[in-house]
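> Next come the chains, spelled out residue by residue.
There are 2 protein chains.
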Amino acid sequence: MSNSKELYTSYKDVTQKAADLQFAAAVLGWDQEVYMPPKGFEMRGRQLATLASQAHEMLTAESYGKLLTQLRESAGLDETEQHNVRLSLEDYEKNRKLPISFVEQLTQQTSNSYNAWLQARKDNKYSTYTAELAKMIDLKRKQADYFGYQNHPYDALLDEYEKGATVAMLDPIFKNVKEQLPPFLTQIANAQQVDDSFFNGQYPKQQQWDFSIDVLKKMGYDFEAGRQDYSEHPFTTSFSSEDVRITTRVDEHNYASMLWSSIHEGGHALYEQGLPSGEYGLPLGSAASLAVHESQSRLWENCVGRSLGFWKYFYPHLQQYFPQQLGKVPLDTFYKGMNKVEPSLIRTEADEVTYHFHVLIRYEIEKQLIAGTLQAAELDQVWNEHYKQYLGVSSPDAKQGVLQDVHWSHGMFGYFPTYSLGSFYAAQFFEQAVKDMPGLPAEIEQGQFSMLLDWLRGHVHVHGRRYTSEELCKRITGRGLDLGSFMNYIKAKYSIVYGLK
Amino acid sequence: MSNSKELYTSYKDVTQKAADLQFAAAVLGWDQEVYMPPKGFEMRGRQLATLASQAHEMLTAESYGKLLTQLRESAGLDETEQHNVRLSLEDYEKNRKLPISFVEQLTQQTSNSYNAWLQARKDNKYSTYTAELAKMIDLKRKQADYFGYQNHPYDALLDEYEKGATVAMLDPIFKNVKEQLPPFLTQIANAQQVDDSFFNGQYPKQQQWDFSIDVLKKMGYDFEAGRQDYSEHPFTTSFSSEDVRITTRVDEHNYASMLWSSIHEGGHALYEQGLPSGEYGLPLGSAASLAVHESQSRLWENCVGRSLGFWKYFYPHLQQYFPQQLGKVPLDTFYKGMNKVEPSLIRTEADEVTYHFHVLIRYEIEKQLIAGTLQAAELDQVWNEHYKQYLGVSSPDAKQGVLQDVHWSHGMFGYFPTYSLGSFYAAQFFEQAVKDMPGLPAEIEQGQFSMLLDWLRGHVHVHGRRYTSEELCKRITGRGLDLGSFMNYIKAKYSIVYGLK
Chain A
-10 MSNSKELYTS
0 YKDVTQKAAD
10 LQFAAAVLGW
20 DQEVYMPPKG
30 FEMRGRQLAT
40 LASQAHEMLT
50 AESYGKLLTQ
60 LRESAGLDET
70 EQHNVRLSLE
80 DYEKNRKLPI
90 SFVEQLTQQT
100 SNSYNAWLQA
110 RKDNKYSTYT
120 AELAKMIDLK
130 RKQADYFGYQ
140 NHPYDALLDE
150 YEKGATVAML
160 DPIFKNVKEQ
170 LPPFLTQIAN
180 AQQVDDSFFN
190 GQYPKQQQWD
200 FSIDVLKKMG
210 YDFEAGRQDY
220 SEHPFTTSFS
230 SEDVRITTRV
240 DEHNYASMLW
250 SSIHEGGHAL
260 YEQGLPSGEY
270 GLPLGSAASL
280 AVHESQSRLW
290 ENCVGRSLGF
300 WKYFYPHLQQ
310 YFPQQLGKVP
320 LDTFYKGMNK
330 VEPSLIRTEA
340 DEVTYHFHVL
350 IRYEIEKQLI
360 AGTLQAAELD
370 QVWNEHYKQY
380 LGVSSPDAKQ
390 GVLQDVHWSH
400 GMFGYFPTYS
410 LGSFYAAQFF
420 EQAVKDMPGL
430 PAEIEQGQFS
440 MLLDWLRGHV
450 HVHGRRYTSE
460 ELCKRITGRG
470 LDLGSFMNYI
480 KAKYSIVYGL
490 K
Chain B
-10 MSNSKELYTS
0 YKDVTQKAAD
10 LQFAAAVLGW
20 DQEVYMPPKG
30 FEMRGRQLAT
40 LASQAHEMLT
50 AESYGKLLTQ
60 LRESAGLDET
70 EQHNVRLSLE
80 DYEKNRKLPI
90 SFVEQLTQQT
100 SNSYNAWLQA
110 RKDNKYSTYT
120 AELAKMIDLK
130 RKQADYFGYQ
140 NHPYDALLDE
150 YEKGATVAML
160 DPIFKNVKEQ
170 LPPFLTQIAN
180 AQQVDDSFFN
190 GQYPKQQQWD
200 FSIDVLKKMG
210 YDFEAGRQDY
220 SEHPFTTSFS
230 SEDVRITTRV
240 DEHNYASMLW
250 SSIHEGGHAL
260 YEQGLPSGEY
270 GLPLGSAASL
280 AVHESQSRLW
290 ENCVGRSLGF
300 WKYFYPHLQQ
310 YFPQQLGKVP
320 LDTFYKGMNK
330 VEPSLIRTEA
340 DEVTYHFHVL
350 IRYEIEKQLI
360 AGTLQAAELD
370 QVWNEHYKQY
380 LGVSSPDAKQ
390 GVLQDVHWSH
400 GMFGYFPTYS
410 LGSFYAAQFF
420 EQAVKDMPGL
430 PAEIEQGQFS
440 MLLDWLRGHV
450 HVHGRRYTSE
460 ELCKRITGRG
470 LDLGSFMNYI
480 KAKYSIVYGL
490 K
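Protein chains in written order, with our numbering: chain A, -10 to 490; chain B, -10 to 490.
Mixed in with the good hints there might be a few duds.
Identical chains share a label here; the pair holds if one copy fits it or two copies do between them.
Computed list of lysine to aspartate or glutamate pairs in EDC-like fashion (alpha-carbon distance at most 16 Å, straight line) [what the hints assert, rightly or not]: (1) Lys124 - Glu213; (2) Lys28 - Asp211; (3) Lys152 - Glu82; (4) Lys28 - Asp394; (5) Lys206 - Glu331; (6) Lys28 - Glu213; (7) Lys388 - Glu432; (8) Lys317 - Asp199; (9) Lys490 - Asp20; (10) Lys207 - Asp185; (11) Lys207 - Glu434; (12) Lys164 - Glu51; (13) Lys377 - Glu22; (14) Lys424 - Glu46; (15) Lys83 - Asp386; (16) Lys482 - Asp321; (17) Lys194 - Asp160.
Everything labelled a hint here was simulated from the structure, so no lab data went into it.
Please read all numbers here as calculations on a predicted model, not as lab measurements.
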């Protein structure tokens, strides 16, 4: 008994020290995006690499594996401790599957592919990128072999981002997307279109900023344990549950781009601030998965931040910030405008409905690239065909087409699906929250969010990585993920926005 | 030959990786002082501790020592490589002298003493601090024994901050301070006093900031490789010679507090930006010593930033920033006001002349505390006696007296003398620069600083840690440090300011 407690202390010590290095890297990463002067870039790169490799070394040391195995066999640990050990052992075994030489090769290729991607974007020419992307795909196929898989090599990569996710699980979901969304989109396309031109006025930076701070505070984001800054691409980062930061960007001529991004990142941040601080650096102190993370950001951004109830409370405040721009725009127009649905080329600018075709396209392409049934050389053509087929749009150039996302150049294959899963989990969780607390919509209309936040804290945040996304979803809603809640959610919303039956 | 190059590569790899961790810690430290939300404090503390201990582990590993010993014996290295190895071996041997258990004890005691110091300042009562300070002094005496020394235990501690500095070297310097400064101060006290009341107008924050940026740019501080931010206490920090940051603070009712602090930190930063970037993380890529660092900040702050020539160029610009506050203050009045000399209680607010009594007092006290001839219990009384004797002032309370500096609570005994040495080196270097380049004063009057900066780059910055302070001083000026240049400098300046003969 006392021996197992001692072992556990050693395990905790190593794991948390590795986390210290990883959180330190996160601070350096935040600084790089937010405040670092340009010439700092090169040395910052090597500092980040050293932090990552030192942490990796600690977490793949044989002594660490031995400690974990001993702990797994020992009695004397409580359930939480056992759970941490089990998850750390899983991580360890996974980390050990990749030979060091392969990891180095992958790091080098990431740099090459990323540079080729940057150059291709500059040239606005896909062929500049093909060779380096092909090499990356080869490596990812090799990585899938190292990890191993039962049915599809893509499963091995999906598991990196979303434990337990497989083609067998995702295919039926995206099949439903393919079947259920198009008729709905047709209905919308045939309806009276909504006006969102008021977003393109002149919205001064400082007021945008100030209003976003007001909203974040109301949501329950703790500014004593976080802050918002500007960066080129908005993101959330965490250095412990007591220091969780978000960033945003402002376009003075398009207000729509900033506010929901702040709410989105705020949703991510509330999750990180709600993780159990006593489990700092341990699996149970970490987020469940990327999809669950995304469920939190999208629940706040979409289910809450694009709801009529939310704006019943906030719109008069917003009008005070922008009396000239919005003083004469009725709430109804504002609400409909923010929920405009329109097929488009760029994933990150897509609305809540068409967004999932962007993901679907990437999902289908990734599956084939990793299976070896599609080659990098054909990718741009296939990309354009898919966009034509699913969204009816044609990209005028490579930058707005196949070159728009950075992910593949970083070797991130299997990441995109988590965006859609996040939205679908969000709808399913939010539906359940309203079922559990029928008074919730009324609270939101009063600008009161503690009821919702407490529910999320208790049902999602507090568990850290204790459950997989699917386990968590079953615990909360009584069933695994299906598209039903999401379809109900968008049908209800867009029936109002577009006057559908 | 090829073997020694390989060994050198291994040495470089370990040393630079340890530096990566130390620079990462510097980023975390900067963030902590500048942007970190308050609740982040606790976990940041442990992250910093891990980075420090990981770096320490790498630099004290037996394998590292073996590598260094092999390299010292090997032929095939060029002079720079040999020099790096020699200095790293010195560091290694010094680091290995302290048992791990002692380092941990010291870390713990630092925390206890610091907390006691904070509490004592809150209570404004020295006795709250006595016991924890006494324990710290005991540990530092023990540390001196671990390090070893020839003549005085304080030498072992001095060497930590200023390699080669000893009581035998400092005693004559401070003896000269004691003999030469008092009669000079008496002359000043008997002269017509100068007016500095114009500093206490209303100086808006933004204009103070903007003017400081103008000055820093003119000095040659590279904002592509650095930035200025606000913090409670101004400091300079470096994450490589391509990312060197400074901080400042603003008092809208006392302009004197900000500008010279910016110039001071700018001087530190120019040194760091000028270190050879090819020697990143290695001894020759680091600063020579604390005193040489301070020589750079004080040369810019005092010899340049408080000179009449400097303001001949800048004063009209400054008046444009503050037309109401300074429009009617003549340059002569402004110049004299910024150089006001007056005995005072607080070291950090002292003028360039009386400052050295503050250091002298601390030097004498530290020597005795470490020798064991003065006890913590008597410290406050001795402090007050010394202030009365040397500066003729009496502190109304402990906060403005013995509790004013944080250093001793951190175990920093032997640090204070480097402040005075820095001033004295500054005067000696600057005197030499003017000798070498008779056109320098005219350049400064034109707001041109590249001549001076190039000289500092070539004579000081480029050498990194190649020479000790004394060696550097001899190379540059043909003689070791003496008080002569400083005395000449202040006599020339204050003859004008106070109309002395």
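> Now, for every hint given, state plainly whether the structure supports it.
So, going through the hints one by one against the coordinates:
1. Lys124 - Glu213: neither (45 Å within a copy, 35 Å between copies)
2. Lys28 - Asp211: Close across copies (10 Å), not inside one copy (33 Å); limit 16 Å.
3. Lys152 - Glu82: Cα proximity of lysine 152 and glutamate 82: one copy only (14 Å, versus 48 Å across).
4. Lys28 - Asp394: neither (25 Å within a copy, 35 Å between copies)
5. Lys206 - Glu331: Neither way: lysine 206 and glutamate 331 sit 32 Å apart in one copy and 49 Å across, limit 16 Å.
6. Lys28 - Glu213: between (31 Å within a copy, 6 Å between copies)
7. Lys388 - Glu432: neither (44 Å within a copy, 51 Å between copies)
8. Lys317 - Asp199: Neither way: lysine 317 and aspartate 199 sit 21 Å apart in one copy and 40 Å across, limit 16 Å.
9. Lys490 - Asp20: For lysine 490 and aspartate 20, the Cα distance exceeds 16 Å both inside one copy (50 Å) and across copies (54 Å).
10. Lys207 - Asp185: neither (26 Å within a copy, 48 Å between copies)
11. Lys207 - Glu434: within (12 Å within a copy, 55 Å between copies)
12. Lys164 - Glu51: neither (44 Å within a copy, 60 Å between copies)
13. Lys377 - Glu22: neither (35 Å within a copy, 53 Å between copies)
14. Lys424 - Glu46: This pair counts as neither: shortest intra-copy Cα distance 47 Å, inter-copy 55 Å.
15. Lys83 - Asp386: Classified as neither; 40 Å inside a copy, 62 Å across copies.
16. Lys482 - Asp321: Result: close within a single copy only, 13 Å intra versus 73 Å inter.
17. Lys194 - Asp160: Cα proximity of lysine 194 and aspartate 160: none, with 43 Å in one copy and 60 Å across.
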